[in-house]
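Chains as they are written, first to last, in my numbering: chain Y, 1 to 116; chain G, 1001 to 1117.
Check each hint, because a few of them may be wrong.
The list that follows gives simulated cross-link-like pairs (lysine-lysine, DSBU-like), each with its CA atoms no further than 35 Å apart [to be verified]: (1) G:K1070 x Y:K71; (2) Y:K78 x G:K1016; (3) G:K1003 x Y:K11; (4) Y:K44 x G:K1073; (5) Y:K44 x G:K1016; (6) Y:K44 x G:K1003; (7) G:K1003 x Y:K83; (8) Y:K62 x G:K1003; (9) Y:K78 x G:K1073.
None of these hints come from the bench; they were simulated from the model.
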Amino acid sequence: EAGVAQSPRYKIIEKRQSVAFWCNPISGHATLYWYQQILGQGPKLLIQFQNNGVVDDSQLPKDRFSAERLKGVDSTLKIQPAKLEDSAVYLCASSFSGGAVTDTQYFGPGTRLTVL
Amino acid sequence: AQKITQTQPGMFVQEKEAVTLDCTYDTSDPSYGLFWYKQPSSGEMIFLIYQGSYDQQNATEGRYSLNFQKARKSANLVISASQLGDSAMYFCAMSVISSGSARQLTFGSGTQLTVLP
């Protein structure tokens, strides 16, 4: 079974530029998550989708971050314009249902973003 | 408020020895799940083991076991017979209700484990 796919793996941009990350979850997983992981910290949830609807985006900086999940499968996270403090690893995860205590999240390899 | 605490920023262990990574949690939700993930320097988060709040027995997965002490609100990860490839950052996480019936993970700050030859 294929895991969570993400691209690109690495991205270097200058501040005020825009960038987009792509994620394809495990087949059959209804719930998709985007996390931001700053160096030395645990991942922080940015947004959670259930199928193609947003469940929680309370920690997404909506003035510059946007995300969509078309057709309830793959997803795109965009930053426009980027700031220096956006330098982090962006992790995508998926889980089967998103509602059960036993629901395990499986993560992709992440995208390491550097903003200069 | 839900919170995960990992008090060991770094740990060293000799190859082939066992090591315990500490994790304490705080939640008022009677139904929750506890997870451990491994993050090598490559960056991917690898799921290791899960323990449910109502599980009577401690979870085990190969060389990994979870020492679950509900009264103390602790969920320590035990790695037996450490290998050089176990060197990585380890995160403890708890599933909590986010909105409606959806759940999300709250992560601790992690413990960097180094296995010495």
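Take the C-alpha atoms of K1070 (chain G) and K71 (chain Y), compute the straight-line distance between them, and say whether it is at most 35 Å. violated, 41 Å
Given the hinted pair K44 (chain Y) and K1073 (chain G), is their Cα-Cα distance within 35 Å? holds, 22 Å
Restraint status (C-alpha distance of K44 (chain Y) to K1003 (chain G) at most 35 Å): OK: K44 (chain Y) and K1003 (chain G) at ~13 Å, within 35 Å.
So if I understand the rule, the pair passes when the alpha-carbon distance is 35 Å or less; does K78 (chain Y) with K1073 (chain G) pass? violated, 38 Å
Within a Cα-Cα threshold of 35 Å, do K78 (chain Y) and K1016 (chain G) meet the stated pairing? Measuring from Cα to Cα gives roughly 44 Å; hence the hint is violated.
Hey, K44 (chain Y) versus K1016 (chain G), does the alpha-carbon distance stay inside 35 Å? holds, 33 Å
Given the hint that K1003 (chain G) pairs with K11 (chain Y), test it: the Cα-Cα distance must not exceed 35 Å. Given pair K1003 (chain G), K11 (chain Y) holds - Cα atoms ~32 Å apart, limit 35 Å.
Going straight from one Cα to the other, do K1003 (chain G) and K83 (chain Y) come out at no more than 35 Å? The hint holds at about 28 Å.
Does the alpha-carbon distance linking K62 (chain Y) and K1003 (chain G) stay inside the 35 Å limit? holds, 25 Å
Hint check: violations occur at hints 1, 2 and 9; the rest are consistent with the structure.
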